[in-house]
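A.B. asks: Here's the letter readout for the chains.
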Amino acid sequence: MSAEPRQSESPHNGLFVNGLCKSYGPVQVLADASFEVRPGEVVALLGENGAGKSTVSNIIAGSIKPDAGTIIWRGKPYSPANPAAAIEAGVGMIHQELKLLPDLSVAENVYVGRLPMRSGRIDRATMNAKASAQLKRLGLDVSPERKVRTLRVAAQQQVEIAKALTLNAELLILDEPTAALGGEETELLFKQIRKLKAEGMSFIYISHRLDEIAQIADRVVVMRDGRIVARHERADIPVRTVVEQMVGRSVERMFPKLSPPGEKTLLEVENLSSPERSFNNVSFSVKSGEILGIAGLIGAGRTELVRAIAGADPISSGVVRVADQPVHLSGPAAAIRAGVVLVPEDRKEQGVVLEQTIGENLAIGNFDHVAPKGWVFPKAVQRFAETGISRLGVKGRPNQAVSKLSGGNQQKVIIAKWVSRPPKVFILDEPTRGIDVGARAAIYDVIADLARSGMAVVVVSSDLEEVLGLSHRVLVLSRGRQRGILDRDESSNVAVMELATS
Amino acid sequence: MAVSNETSELKAGTGAAQAASGAKLSALFAGTMGPLIGLVLLCLALALTTDTFLTVRNILNVLDQVTVLGIMAIGMTLVILIGGIDLSVGSVLALAAMVMGYVAYPDYLNLGVPVGIVAALMVAALCGLVSGLLVTVTKLPPFIATLAMMSVARGLANMITDGSQIVGFPDWFTNLSIVRHFGFLSVTVGLMIVLAIVFAIFLNYRATGRSLYAIGGSAEVARLSGIPVKSLTNWVYAICALLAGLAGIVLAARLDSVQPSSGVGYELDTIAAVVIGGASLSGGIGSIGGTAIGVLIIGVLRNGLNLLGVSPFIQQVVIGVVIALAVATDTWRRRRQ
Amino acid sequence: MAVSNETSELKAGTGAAQAASGAKLSALFAGTMGPLIGLVLLCLALALTTDTFLTVRNILNVLDQVTVLGIMAIGMTLVILIGGIDLSVGSVLALAAMVMGYVAYPDYLNLGVPVGIVAALMVAALCGLVSGLLVTVTKLPPFIATLAMMSVARGLANMITDGSQIVGFPDWFTNLSIVRHFGFLSVTVGLMIVLAIVFAIFLNYRATGRSLYAIGGSAEVARLSGIPVKSLTNWVYAICALLAGLAGIVLAARLDSVQPSSGVGYELDTIAAVVIGGASLSGGIGSIGGTAIGVLIIGVLRNGLNLLGVSPFIQQVVIGVVIALAVATDTWRRRRQ
Amino acid sequence: AKDAKKLGLAVANLQADFFNQIKQSVEAYAKEKGIEVITVDAKGDSATQVSQVQDLVTQNIDALIYIPAGATAATVPTKTAKAAGIPVVNVDRNAEGAPGDTFIATDSVNSAKGVCDYIAKQAGGKGEMVIIHGQKGTTPEVDRSKGCGEALKAYPDIKVVGELWSDQWHQDEGFKLAQDLLQAHPNVSIIFGQADALALGAAQAVKVANPDHKVWIAGFDGDVAALKALKDGVFDVTATQQTQGMGRLAVDSAIKIVAGEKLPAEQLQDATLTTKDNVAQFIEKHP
Ligand SMILES: Nc1ncnc2c1ncn2[C@@H]1O[C@H](COP(=O)(O)OP(=O)(O)OP(=O)(O)O)[C@@H](O)[C@H]1O
Ligand SMILES: Nc1ncnc2c1ncn2[C@@H]1O[C@H](COP(=O)(O)OP(=O)(O)OP(=O)(O)O)[C@@H](O)[C@H]1O
Ligand SMILES: [Mg+2]
Ligand SMILES: [Mg+2]
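Residue numbers (my numbering), protein chains in the order written: chain A, 1 to 502; chain B, 1 to 337; chain C, 1 to 337; chain D, 1 to 287.
Bound-form chain A, shown alone (with noise of 0.2 Å):
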């Protein structure tokens, strides 16, 4: 950890960010940020939720302004009006939120923007092929005509991956690409950084998955309140020295201690079968005070299963039965009355109003405990919005509009809205995805409070650590069938993919 001196004059081709500031209204996001990033290498971009990680990179790749500072790329100084005139210099970027567009097909969506012509229309042809070859290499095979629409999230993320790939950028910004991807995905795609960082490109590599760092960067740049708080040369530093500078304090553990579940059963789940067969015959119980974990590779239904068990998604056959009473899943409403929520996995275009502030984002589906008489007065909001907010440690406040929050507070505010129901049931689907290593360590804590106040509590989560550390029991998914329940002390990394492969 070292204050650096400025760098001036280029002794490298690379990088230079020189004291970039950035206010919105009063609030500064980015104080005097300073790093650089070498031809050829990797910068891991490491921080806290809001630290203002993607600000940074939103400004080397044009699509924000700073208030102040300078930067210098390739030894001139450089100062992109807008996206396009980044990608002209050779700066590429994906960005934190996924986003494609829809209704475009897959290779449409990798080249949009620079569609390849070829005698004065569009080269359909070496589009889908080429397009259909990146991806193929970032293990993902789809039809590269069919929409994105269709694309599940780790799909699409591997679109937007694809994109940037194919930019032939000298310098790319990954700003959490691996966030919904699973642990093969996440590899392959390292082999394709490590190939182009052979080829001389450099990356700055954004993530909240610290084990991810030391297997992919070269050097370490942290950041805390929108300054640099330190600098490593070496990659392989101690995960706990990077969190404590991260968060300005050492986080003792990762992973609380659960306690012994109740003997009330309170989700029983029996011969459960979607329409489109995404999954089959599962059943399986959960008590009082328990956590299920589920996990399963990418694609495996669990997403599928969950929602239907909350009643997004209708069934084909099965029971669900809660504290005994057989719920009827005709919608959302349905199981929320019978106390199912549901923590979605795609908090955009599910999770959230971006418009609207915190506290009504709380407020909605809460109604019965804001407004238990059908009157919603301010005040009884920001009331209900603090108590969530401070729950969860949300940066923000009840009347701050939840699209100007970094997205792993977003998450925090899907949480907090369920948490004070307080519901039988709670499920979470990727409860951490892009979510600080410190905050996330509090949202396991509020989970094992769930549980210990008396809820059946289910996480579905790519994160295998985060299943094992987490749960009582592990169910495992693969292709849609329940391949097994493992118990705490007999599940292990080995086991829980042995099973998710078979």
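I should point out that these hints are in silico values taken from the structure, not numbers from a laboratory. Accuracy of the hints is not assured; some may be wrong.
[What the hints assert, rightly or not] A few chain A residues facing chain C, derived, Cβ under 7 Å:
| id | residue |
| --- | --- |
| 1 | Ser-63 |
| 2 | Ile-64 |
| 3 | Ala-84 |
| 4 | Ile-87 |
| 5 | Lys-99 |
| 6 | Leu-101 |
| 7 | Asp-103 |
| 8 | Val-112 |
| 9 | Gly-113 |
| 10 | Arg-121 |
| 11 | Ile-122 |
Here a beta-carbon is modelled for each residue, glycine too, at the ideal position from N, C-alpha and C.
Chain A is already provided as a structure; the job is to place chains B, C and D with the ligands on it using the hints.
C.D. replies: Then chains B, C and D with the ligands, alone, in the frame of chain A:
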């Protein structure tokens, strides 16, 4: 973690305090400062250039003149809030008025005006319900569903009397829009004001009202949060049509006649009033306060240009320019923030 | 992973193969099966109930009758594709026609029809450019920007001759819409067809055309992908208005006269044609093929009901019902998939 | 008795040439007399017109020239003006129950009878005929249909084979409707368009259809532009309403009423049957 939260909490605190101070007054006009400035400027300009604009009688005239538009715009606000649109309001207005006339008028069913009003409102609400069901069940885009209803309702309105009008209602009925009680308030204007207040309170302080904002913000999020999106959507279209029907009755009282051709083109006026008032056609943003301002901007503009004696063709040009300016004030203001 | 992907690839694969077989033929009509079915059913019904519908002359008549709407709808398709809307097309049509008449007519500037046409198209494009700038620079919602333009252009159209029409153009000009070359194709119908093909190719095969889909899908994504969103938006509004102006000239040739009142209410017809053709008002979805079908549905419906001698009021009801049904076919079909 | 200094002119719809002609005549003539005119245009909507009359009253006009908008005349504008002590001159349409102080109009029934009689005679008293109506249910539509029907009673060999209604009296509607009528009934030899715009549209449709026999076309109104077309033989007959005359008469009537004179309740004007033979004088100077 804890530290950073405290600092941002501090900063946030001042902002919240500022907001809170003005909150009581401006709650109903939240997000409508821009159009409001436009309206005030417009009134100022007219007060300076004419000696008739700023008279009590003229202001009452303006209120009178915007009643029909105002009542329809309330319903349209709800529809636009949930991300819909209703092109059928003008036709439904005509249909309701014709039903009222047909049921009430001596030459036809002769059941009296009160029965006529009830019948008219029921027919109107039914039209809205059909539009709503076309949207929620048949999954038609609202534009198409209400475009179809626009055509059907107009045809039906014409068929009732084969295109002719019905003239002459009891005095008590026409007096509703003529007699100014307490020297200033006709029943119809009062009705509009009461409706505006009721719906403003509904949208601001009732759980169902807030749910409409959620639906407009994201129907899927609303559904997953347990809000009955479909049934609320049906209700909203039914209420919008019901209010259009009510506007038809107010128009009948105002004109002492009903005609199947009334309300042609009103849908655009109504939508314009709501959008000028700051609502977003993609849903989730808007308020009754804003709509009221939008309605008044349109009403004052037309009234003022008549008072100025501006020739009709130049009026069209001026109206276009002023509408653009009024809304632009808002976007400028927001951008400076 | 590999396994699950393979299965999904299999599903997708068969779908793709099916699609590929018909791809060449149906590229231009992609996503328009539903409205197409509606159109075919409509034609079938009319062929069975009248003996005049399915004659060459009548079909040419229908083509004639939809030229103006068709040309405007092409421009509107572009605007709706990028998520905008243009309410000013009817007024711009009138303004362009009046400018043409004023410049060309002996009693006024007397510069001849060709100069008149050029002037008209320039004025029209200018109107569109102003609308576009109001959207991109002043950040007005397209609805408001073009509503303002609608009012201004109508006022200007009226001011040119103080509201009067201009009748009587050279024969060669009116013959453009009258003389059917090769026994079937008037110049104006030919123009519409050529424009439709050109714009279909543009939207399908040119990078700029695809960029419009990207802008409509998400203006932000398009911007981040380096697409010049603002300038394309300006272009699109300018082209839409230019085509509206061209439609005004076609209308002038067709009627052998120009009048400031022409095109009133056309905006709704035009938008309806585009939406019936499967376009989404939120942008990103739509095609010229679909719009052509939408235009024909409207044209055939009106023509057919006239051939059947249906009374005007019943026509309104039938038109509403058929439009709802035609679009519903589409949503049903999609849901069954 | 006092002088009229300021007149209000409430026009039904300036987009219709007929009304626009009257408006221009009123404005020009009033200017000659040194009287100010404030014109408002209801664009065909009676509710708008009520508001506009209110605004005119606010402006302290001395008299109102009222051309009612909407299908038929509304009573409220007249009542509003009368309540403020302002005399009303109704033009073109009069409201039952609340007539103006005087009413100036064309005798539509009689004139339509003349037009249809002429065209029937020209066609040799036989053949198939179609009628393109104006907006269904409106006063002019009803009157012109009635007059034409009376004339046709004398021609049993003329068969009305098709009738369609326009919505806005527009020329392009006339075109489309005529085209569809000709398609359904190819042997038609007589067309009556209830307004010149409709007749002009019909003439264009006939030109496109290019039938092998002469088609006689009649219009109504005598719009300035239509008269020129009549001269060129585009169509055959119309009834020229005295728009200029009515405009002047309206101003004169207003002046007289304000001065305290009493005028007859109705001042009906004849529309002159106009053909190629007598059209020149009207083009020279519109009556
Ligand atoms: N448009 C905006 N208006 C106001 N504040 C904003 C805006 N965009 C971002 N912010 C604030 O700027 C800060 C930095 O956000 P940024 O997205 O850069 O964080 P991040 O480090 O990428 O976090 P995460 O890991 O959660 O993605 C946050 O506090 C956020 O609330
Ligand atoms: N919108 C969709 N359209 C078509 N198929 C889908 C869609 N969403 C999911 N699927 C398919 O359904 C199956 C199960 O997907 P699901 O999203 O439930 O998996 P998952 O285990 O939750 O994985 P993840 O959430 O990590 O993507 C997969 O085969 C996937 O391809
Ligand atoms: Mg970020
Ligand atoms: Mg999932």
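A.B. asks: Return the numbers of the hints above that this structure violates; sort them in rising order.
C.D. replies: 2
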